[in-house]
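Engineer: Please take these sequences and the hints and turn them into a complete structure.
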Amino acid sequence: MARKPPPSPGVLTLQGDLDVFSIQAQWERLQAHLASCEGPVALDISSIGDLDLSGLQLLLVLDHHLAARGNSLVLIGVKPEWADRFRPMGLAPAVEGRP
Numbered sequence: 316m317a318r319k320p321p322p323s324p325g326v327l328t329l330q331g332d333l334d335v336f337s338i339q340a341q342w343e344r345l346q347a348h349l350a351s352c353e354g355p356v357a358l359d360i361s362s363i364g365d366l367d368l369s370g371l372q373l374l375l376v377l378d379h380h381l382a383a384r385g386n387s388l389v390l391i392g393v394k395p396e397w398a399d400r401f402r403p404m405g406l407a408p409a410v411e412g413r414p
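Be aware that the sequence shown starts at 316, since it is given in this note's numbering, and climbs by one per residue.
To be clear, the hints were calculated from the coordinates, so they are not data collected in a lab.
Here the structure is a predicted model, which means the values were calculated and not measured.
Errors might be hidden in some of the hints.
[Unchecked claim] Label pairs and their computed distance ranges (CB to CB): (1) G385 to G364: 27 to 35 Å; (2) W342 to S387: 15 to 23 Å; (3) P403 to A350: 29 to 37 Å; (4) E353 to D399: 27 to 35 Å; (5) E353 to P395: 26 to 34 Å; (6) P403 to S351: 26 to 34 Å; (7) D365 to G385: 29 to 37 Å; (8) Q346 to D367: 15 to 23 Å; (9) G364 to E343: 17 to 25 Å.
[To be verified] Each computed DMTMM-like pair below joins lysine to aspartate or glutamate, with the alpha-carbon atoms no more than 20 Å apart: (10) K394 to D334; (11) K394 to D332; (12) K394 to D365; (13) K394 to D359; (14) K394 to D367.
Ideal Cβ positions, reconstructed from N, Cα and C, are used throughout, including at glycine.
Structural biologist: Okay, here's the thing in structure tokens:
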């Protein structure tokens, strides 16, 4: 099994789930990260287990929040089955790594 390279310093790795039960804790973690970072935000979501509509909404809000600040969101480790969910919601640039 191939080992995953360590995350680069500018990448926040989310773990656990992005669902209705964990969304508040994930949002708080993201807010703490945003307070200390400038420029584009890269999120590694390859370790996320469950992703429901609440998680997608969190990513959309984060994308809009960053755009309002003149920054962008880049999602790393998007599972193929999730990419189809992200594109219709306007997250295609984040999924495809384009700021």
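Engineer: Now tell me if each hint is right for this structure.
Structural biologist: A quick look at each hint next to the structure:
Restraint check, G385 to G364: a C-beta distance of roughly 32 Å satisfies the suggested window 27 to 35 Å. At roughly 19 Å, the beta carbons of W342 and S387 sit within the given window of 15 to 23 Å. Evaluation of the 29 to 37 Å hint for P403 and A350 yields a pass: the beta carbon distance comes to about 31 Å. For E353 and D399, the Cβ-Cβ distance of about 32 Å falls inside the hinted range of 27 to 35 Å, so the restraint holds.
In this structure the supplied range 26 to 34 Å holds for E353 paired with P395, their Cβ-Cβ distance being about 31 Å. Taking 26 to 34 Å as the suggested C-beta distance range, the pair P403 and S351 conforms, at roughly 32 Å. Hint check: D365 to G385, Cβ distance near 32 Å, so the stated range 29 to 37 Å holds. Between Q346 and D367 the Cβ separation comes to about 20 Å, which falls inside the hinted range of 15 to 23 Å.
G364 and E343 have their C-beta atoms about 19 Å apart, which keeps the hinted 17 to 25 Å range intact. For the hint linking K394 to D334, the alpha-carbon distance of about 16 Å falls within 20 Å, and the restraint holds. Taking the CA atoms of K394 and D332, the gap is near 14 Å; set against the 20 Å cutoff, the hint holds. Proximity of K394 to D365 is assessed by CA-CA distance (about 11 Å); at most 20 Å being required, the pair is judged to hold.
A distance of roughly 11 Å separates the Cα atoms of K394 and D359; the hinted pair therefore holds under the 20 Å criterion. Proximity of K394 to D367 is assessed by CA-CA distance (about 13 Å); at most 20 Å being required, the pair is judged to hold.
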